[in-house]
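**Student:** Using the working numbering, read the sequence shown as starting at 14 and increasing by one per residue.
What the hints contain is simulated information worked out from the structure, not anything from laboratory work. The C-beta atom is built at its ideal place from N, Cα and C for all residues, glycine as well. Fair warning: there could be bad hints in the mix.
[To be verified] Distance windows between CB atoms, simulated:
| hint | residue 1 | residue 2 | range |
| --- | --- | --- | --- |
| 1 | 54 | 20 | 25 to 35 Å |
| 2 | 114 | 45 | 14 to 24 Å |
| 3 | 49 | 93 | 37 to 47 Å |
| 4 | 65 | 99 | 48 to 58 Å |
| 5 | 121 | 71 | 12 to 22 Å |
| 6 | 64 | 20 | 17 to 27 Å |
| 7 | 18 | 146 | 18 to 28 Å |
| 8 | 156 | 32 | 17 to 27 Å |
| 9 | 134 | 60 | 36 to 46 Å |
| 10 | 32 | 68 | 16 to 26 Å |
| 11 | 31 | 99 | 27 to 37 Å |
| 12 | 98 | 62 | 35 to 45 Å |
| 13 | 137 | 64 | 14 to 24 Å |
| 14 | 65 | 15 | 43 to 53 Å |
[Unchecked claim] In silico EDC-like cross-links for lysine to aspartate or glutamate, where the CA-CA straight-line distance does not exceed 16 Å:
| hint | residue 1 | residue 2 |
| --- | --- | --- |
| 15 | 130 | 148 |
| 16 | 136 | 95 |
| 17 | 137 | 113 |
| 18 | 130 | 109 |
| 19 | 137 | 95 |
| 20 | 116 | 143 |
| 21 | 136 | 113 |
| 22 | 45 | 143 |
| 23 | 137 | 43 |
| 24 | 136 | 76 |
| 25 | 137 | 94 |
| 26 | 45 | 129 |
| 27 | 136 | 40 |
| 28 | 130 | 43 |
| 29 | 116 | 95 |
| 30 | 136 | 99 |
| 31 | 130 | 40 |
| 32 | 130 | 42 |
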Amino acid sequence: MQILSPQQLLEMIPQQAPFRFVDEILEVDEQKIVGLYRFREDESFYAGHFPGHPVTPGVILLEAMCQVGVVALGIHLLAREESSEEVRRWTTMFSDAQVDFFKPVFPGTTVTIRGEKIFWRRKKLRARVEMFNADGTLVAQATASGIGVRNE
Numbered sequence: 014m015q016i017l018s019p020q021q022l023l024e025m026i027p028q029q030a031p032f033r034f035v036d037e038i039l040e041v042d043e044q045k046i047v048g049l050y051r052f053r054e055d056e057s058f059y060a061g062h063f064p065g066h067p068v069t070p071g072v073i074l075l076e077a078m079c080q081v082g083v084v085a086l087g088i089h090l091l092a093r094e095e096s097s098e099e100v101r102r103w104t105t106m107f108s109d110a111q112v113d114f115f116k117p118v119f120p121g122t123t124v125t126i127r128g129e130k131i132f133w134r135r136k137k138l139r140a141r142v143e144m145f146n147a148d149g150t151l152v153a154q155a156t157a158s159g160i161g162v163r164n165e
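Using the sequences and the hints given, assemble the complete structure.
**Tutor:** So, in structure tokens, the structure goes:
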């Protein structure tokens, strides 16, 4: 069993720029995780969504939510069961989500993403994930799942 620091956990997230939507992990334990991401004004998807009035696509918001609330939390939970060498042999793959969007997210917005474990068994994680904008307004919420897949 090992407990990863927030920085170690961030380094183990497999998604990389320009498709990583996690800047920082603020806290994590066996039940919950909190992360941050700033949607930069020069993100490539803003050019076409929507020209002159850019808004972050919902699919990108869901991806950010899953990278924190499913992938990062899943890595943390797996590390509590396996050696670091074994953890690196697994990738958490998104499997399903039910999501509701409440507010748009505009370029330059920093969001806080909070995930809470619903269940974890046989390397499958289901979590409730919420996204808040800088003033604490709920932007989106989801119940999302992912499953660990061995890389070999």
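**Student:** Next step is simple, just say for each hint if it's right about the structure.
**Tutor:** Hints and how they fare:
1. 54 x 20: 25 to 35 Å: 26 Å, holds
2. 114 x 45: 14 to 24 Å: Holds: the Cβ-Cβ distance is about 22 Å, inside 14 to 24 Å.
3. 49 x 93: 37 to 47 Å: Given about 23 Å between the Cβ atoms, the range is violated.
4. 65 x 99: 48 to 58 Å: The hint (48 to 58 Å, Cβ to Cβ) holds, given that residue 65 and residue 99 are roughly 49 Å apart.
5. 121 x 71: 12 to 22 Å: 18 Å, holds
6. 64 x 20: 17 to 27 Å: With Cβ atoms ~37 Å apart, the hint is violated.
7. 18 x 146: 18 to 28 Å: 27 Å, holds
8. 156 x 32: 17 to 27 Å: Because 23 Å falls inside the window, the suggested range holds.
9. 134 x 60: 36 to 46 Å: Between residue 134 and residue 60, where Cβ atoms are some 42 Å apart, the hint holds.
10. 32 x 68: 16 to 26 Å: Roughly 19 Å apart at Cβ, these two residues keep to the hinted range, so it holds.
11. 31 x 99: 27 to 37 Å: Holds, at about 29 Å.
12. 98 x 62: 35 to 45 Å: 41 Å, holds
13. 137 x 64: 14 to 24 Å: 40 Å, violated
14. 65 x 15: 43 to 53 Å: 49 Å, holds
15. 130 x 148: 25 Å, violated
16. 136 x 95: Judged against 16 Å, a Cα distance of about 11 Å means the pair holds.
17. 137 x 113: 22 Å, violated
18. 130 x 109: The hint holds at about 15 Å.
19. 137 x 95: OK: residue 137 and residue 95 at ~15 Å, within 16 Å.
20. 116 x 143: Distance ~12 Å between residue 116 and residue 143 Cα, so the pair holds.
21. 136 x 113: Answer violated: residue 136 to residue 113 is near 26 Å, above 16 Å.
22. 45 x 143: 11 Å, holds
23. 137 x 43: 14 Å, holds
24. 136 x 76: 20 Å, violated
25. 137 x 94: With a Cα-Cα distance of about 13 Å, the restraint between residue 137 and residue 94 holds, given a limit of 16 Å.
26. 45 x 129: 4 Å, holds
27. 136 x 40: 21 Å, violated
28. 130 x 43: 8 Å, holds
29. 116 x 95: At roughly 39 Å apart (the allowed maximum being 16 Å), residue 95 and residue 116 break the hint.
30. 136 x 99: 13 Å, holds
31. 130 x 40: 14 Å, holds
32. 130 x 42: 10 Å, holds
Hint check: violations occur at hints 3, 6, 13, 15, 17, 21, 24, 27, 29; the rest are consistent with the structure.
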